[in-house]
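Student: Now for the letters of each chain:
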Amino acid sequence: MNLGFILLILLYYLQRSMGPIEVSQEWKRIIKGGMAVAGILLTIAKLGIGYISPLAGMLNFILGGIIVYVTIRNPELQHRKGMIYAWLPIMAIMVLETITEMISSSLYNSLEIYFESAGGFAILWAIVMWINNTKQRKALEKEKQKALEKEKEYKITEALKTQLEKQVAERTTELTKQKNELVKALDELKAAQTQLIHAEKMASLGELTAGIAHEIQNPLNFVNNFSDVSTELIEEAKEELASGNQEEAIEILSDLKSNLEKIMVHGKRADSIVKGMLLHSRSSTGQKEPTDINELADEYLRLSYHGLRAKDKSFNADFKIETDDSLEKINVVPGDVGRVLLNLINNGFYAADEKKRELNQKGVNDFLPSVIVKTHATNSGVKITVRDNGKGIPTSIQNKIFQPFFTTKPTGKGTGLGLSMSYDIITKGHNGRLEVKSKPDEFTEFEIFIPKNES
Amino acid sequence: MKILIVDDEKDVEMLFRQKFRKEVKSGMLELAFAFSGEEALQVLGSEHPPKVVYVFSDINMPGMNGLELLENIKQQFPHIQVSMISAYGDLQNYEKAMESGAKEFFTKPIDFTTLKAEVNKLIERHN
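Chains as they are written, first to last, in the UniProt record's numbering: chain R, 1 to 455; chain P, 1 to 127.
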């Protein structure tokens, strides 16, 4: 065995990677330089040239020492320590043999047997170390494998992450699109709602028209007839005066005065009806004003009755208003509250009339539909009740009646918006309450509470 | 001769009293008023036999309406004549009234010329 060979082998392995451990490029260069030197020295030593070859052998010793020293001391080459230790005894024995031979051949000869057995042990040692190192290397390689797998896993995870991010982005775009569509749909629904509310107002105005016509007809009838009769009375007064009946003439004149007052009263009545109609058709400006609730309730009760009466000639019902005269004016939007009253009263007449029809079919003919409106001044404001003696509302649907589009009327007869609009007007518009009490087959009573001091 | 006017509008009384001022003053005509169908039947039932010979009734009144009153009067007092006065001058009401035995059908606003003519005819016949 030649030391030069050993050095070449050591250097070759030093620059190779071991498991996951890589030697830096700088060290690789240095080690490769070392290999070149070792190669040259080996060649020179083999050539066996006079003094030069033994010198190369000596330099090999020095190179070996440097390799051993550098490998053991340098942290970057620590992983090859095992290899160095494996070869170290063999190298040491070679050095010792060579030095002993140089000093004296006789001494070498007498010690040769020891060198041989030491060499044997050294080889044994190297083998054990080699096995040991191999194990270590394999463990390291396993680690490298694991690391590689981990890296692979990491790459897969990364890929998944990228894919997920892409999917999330796609989903986000989709959701944004859906959201925009929903916002658009909501806007459309809001527009439709506004239209429906308008339609509901117009429908109730249509119901009102006939009632209004009738209600205007009555005062106009008086205005015409009272002015007509007044003309006649003037003629009569003239006649009486001519025939000297002064007392008679004075009586006629006082009649004339009260006639003119009546004309005024009925003119104003027609005026207020027209104003009420305008108020009803106008979209709510939300303007609250001090309102005589008694007058408002009376007006709408009549409008409702005559409206229904005009639409359906067979319709007949009793209606009554009981007002609390201590009631002061309350700040409300008159058109809105009027609409609520009209709606509740219309419903009342409708329910009572339905009951009448049902009873008529059973042969009972003495039922008289009735709607009673009452006002009552309370500490906090006003309570208005609208009570009918109709079919009543089943307990099961009492909590649904204020929902938009809920209706028990046949298709086409009701929009299902009347009560929900009424509810909004009272609760949202006037900070009040709208409640219902009912006993099936006996009565339904709606109670409106509107607080005062609401500006 | 006594006639009864039925209308839920109270001012009707004043109007009729002035319109028939001369007739009432001269004692040829007596006017009675009722403000609902129920009240009208009470008035008619309070006298035996009722002095009222003619009833003018509004159709559209709360409670018992004019057409129901007409039927009731025709049942209880067949000899009393009844004419209707209505703001709803539609065929349906007219036919119903005529079927039930109404004499005339006046529409609002009341044309007192024709109404007076009807009353005068009555007075002439009565006297």
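Calculated from the structure, these hints are not laboratory results.
Be a bit skeptical, because a hint or two may be false.
[Unchecked claim] So, partial list: chain P residues that the calculated Cβ filter (under 10 Å) puts toward chain R: (1) 14; (2) 15; (3) 17; (4) 22; (5) 26; (6) 32; (7) 64; (8) 67; (9) 71; (10) 74; (11) 78; (12) 108; (13) 112.
[Claimed, not checked] Each computed SDA-like pair below joins lysine to any residue, with the alpha-carbon atoms no more than 25 Å apart: (14) 439(R) <-> 331(R); (15) 10(P) <-> 363(R); (16) 238(R) <-> 24(P); (17) 74(P) <-> 131(R); (18) 142(R) <-> 131(R); (19) 74(P) <-> 363(R).
[As the list claims (entries may be wrong)] Computed footprint of chain P on chain R, listed as stretches where at least three residues anywhere in the stretch have a Cβ under 8 Å from a Cβ of chain P: (20) 216-226; (21) 251-261; (22) 297-310; (23) 317-324.
We put the CB at the ideal spot given by N, CA and C, even for glycine.
Student: The structure should be examined with respect to each hint, and the outcome stated for every one.
Tutor: Evaluated hints:
A least Cβ separation of about 7 Å between residue 14(P) and chain R falls short of the 10 Å threshold, and the interface hint therefore holds. The interface hint given for residue 15(P) holds, since its Cβ lies 5 Å from the closest Cβ of chain R, which is under the 10 Å cut-off. Below 10 Å, beta-carbon pairs count as interface contacts, and residue 17(P) has one with chain R at about 9 Å; its hint therefore holds. Interface restraint check for residue 22(P): the shortest CB-CB distance to chain R comes to about 8 Å, inside 10 Å, so the restraint holds.
Taking 10 Å as the C-beta cut-off, the interface hint given for residue 26(P) is violated, the closest approach to chain R being about 13 Å. Against a cut-off of 10 Å between C-beta atoms, the interface hint on residue 32(P) is violated, since the closest Cβ of chain R lies about 19 Å away. Below 10 Å, beta-carbon pairs count as interface contacts, and residue 64(P) has one with chain R at about 8 Å; its hint therefore holds. Below 10 Å, beta-carbon pairs count as interface contacts, and residue 67(P) has one with chain R at about 9 Å; its hint therefore holds.
The closest approach between the C-beta of residue 71(P) and any C-beta of chain R is roughly 12 Å, which is over the 10 Å cut-off, so the hint fails. Among the interface hints, the one on residue 74(P) is violated; its C-beta lies about 17 Å from the nearest C-beta in chain R, farther than the 10 Å criterion. Interface restraint check: residue 78(P) against chain R, minimum CB-CB distance 22 Å, threshold 10 Å, status violated. A least Cβ separation of about 5 Å between residue 108(P) and chain R falls short of the 10 Å threshold, and the interface hint therefore holds.
Look at residue 112(P): its Cβ gets to within about 7 Å of chain R, closer than 10 Å, so that hint holds up. Of the pairs offered as hints, the one joining residue 439(R) and residue 331(R) is violated, with about 32 Å between alpha carbons and a cut-off of 25 Å exceeded. About 36 Å separates the Cα atoms of residue 10(P) and residue 363(R), which puts this hinted pair outside 25 Å; it is violated. For the given pair, residue 238(R) sits about 19 Å from residue 24(P) by alpha-carbon distance, which is consistent with the 25 Å threshold.
Between residue 74(P) and residue 131(R) the CA atoms are separated by roughly 136 Å; this puts the pair beyond 25 Å, and the hint is violated. Annotation: proposed proximity of residue 142(R) to residue 131(R) holds, straight-line Cα distance about 16 Å (limit 25 Å). The hinted pair formed by residue 74(P) and residue 363(R) meets the criterion: a straight-line CA distance of about 23 Å does not exceed 25 Å. Remark: the segment 216-226 of chain R is confirmed as covered by chain P, as 8 of its residues place a Cβ nearer than 8 Å to a Cβ of that chain, reaching the required three.
Here's how the segment 251-261 of chain R fares: 3 of its residues keep a CB closer than 8 Å to some CB of chain P, so the rule of at least three is met and the hint holds. Coverage of a stretch by a chain is defined here by at least three residues with a beta carbon nearer than 8 Å to that chain's beta carbons; for the segment 297-310 of chain R and chain P the count is 4, and the condition holds. Residues of the segment 317-324 of chain R with a Cβ under 8 Å from some Cβ of chain P number 4, which satisfies the need for three, so the listed coverage holds.
Of the numbered hints listed earlier, those contradicted by the structure are 5, 6, 9, 10, 11, 14, 15, 17.
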